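Enquirer: Use the sequences and the hints to build the structure in full.
Position 198 of the sequence shown, counted from 1, bears residue number 198 in UniProt numbering, the numbering being contiguous throughout.
Treat the hints loosely; a few may be bogus.
Restraint-style ranges between C-beta atoms, simulated for each label pair [unchecked claim]:
{"no.": "1", "residue 1": "Leu-208", "residue 2": "Ser-67", "range": "52 to 62 Å"}
{"no.": "2", "residue 1": "Ile-65", "residue 2": "Leu-140", "range": "49 to 59 Å"}
{"no.": "3", "residue 1": "Cys-58", "residue 2": "His-217", "range": "35 to 45 Å"}
Hints were generated in silico from the structure; no laboratory data involved.
A quick note: this is a predicted structure, and the numbers were derived from the prediction, not measured.
Note that CB positions come from ideal geometry on N, CA and C, so glycine has one too.
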Amino acid sequence: MSAKAKQARLDRKFDKIRRLEESGELKKRKQGNRALRKMLNNRLAVIGGAIFLLILLCCIFAPLITSYSPTTVDMKNILRTPSTEHLFGTDKLGRDVFSRVLYGGRMSISIGFGSALGCAAIGVLLGCYSGYRGGRFDQLMVRISEIFMSIPQLILVLMLVSILGQSARNIVIIFIICGWGSCFRMARSQVLSIREEEYVQSLKVFGLNPFVICYKHILPNALSPIVVNVTLSTAMFILEEAALSFLGLGVPLEMPTWGNILNAAQDMYTLENNWWLWLPTGIVVSLFVMSINFLGDGIRDTTDPTQQG
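Expert: Okay, structure coming up:
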């Protein structure tokens, strides 16, 4: 290649870099690459993400992994210890524990993720507008959120279960009622700080609709901590569902969930002699919740401007 051809090639590269810098695209790419590198350098976040994906995919593709039904009763195989035929053994009704863990994960993860999304939707919509508008409306919404956050969850569960009956839908409704307040306060606090920025004041001067300013221009800049809150709330709701189902107050016992599987280990004899009924499920629940927390911490460290070094 001649010297002129090399020079022309370099000129084209420099022109391309200059165009990217002028458009701001180069800065975005650098920030994205930096965030990705920081995420990959966080070993706990990477390990958490791998465990999260592994358990999630196993639950989604449960029919391809196990041939046993989670609800089929087999009285000939009651309380079988773990083996090559039944990886996690069988329970008191002869049901395969491994298949119940996989299918139960579907329901538990759906309840946790659905509850977290419901809390985020209500909390963000109300919190953003409340923080932006201020005044009496803001004071009223803050008091309402405090009322809902102060309701004892166990009492609310007992009340709704007695009225509506036990179901996964009722559990999600209860979690949303009790949990939207924290997301509301987080969204409100973010908007309270962002609404004083110069670009927001300029938008007000131009006479834009308050809803457009709030949800189109302010909300995208406040999403990072809200996303982290959704991940951590998912882990919290999964644990709460497991605890309620373990006590017999959650999803009906005939429906496989992680909490219902652990419900079989309430007596001391089972804890001491039938360890496969609770230990594998407890390990899966613990690993999944820890992986979500590690992943949420990694996302927070990557997206939070105050954590940037």
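Enquirer: Does each hint hold? Answer for all of them.
Expert: Hints, one by one, checked against the model:
no., hint, result
1, Leu-208 / Ser-67: 52 to 62 Å, "59 Å, holds"
2, Ile-65 / Leu-140: 49 to 59 Å, "51 Å, holds"
3, Cys-58 / His-217: 35 to 45 Å, "41 Å, holds"
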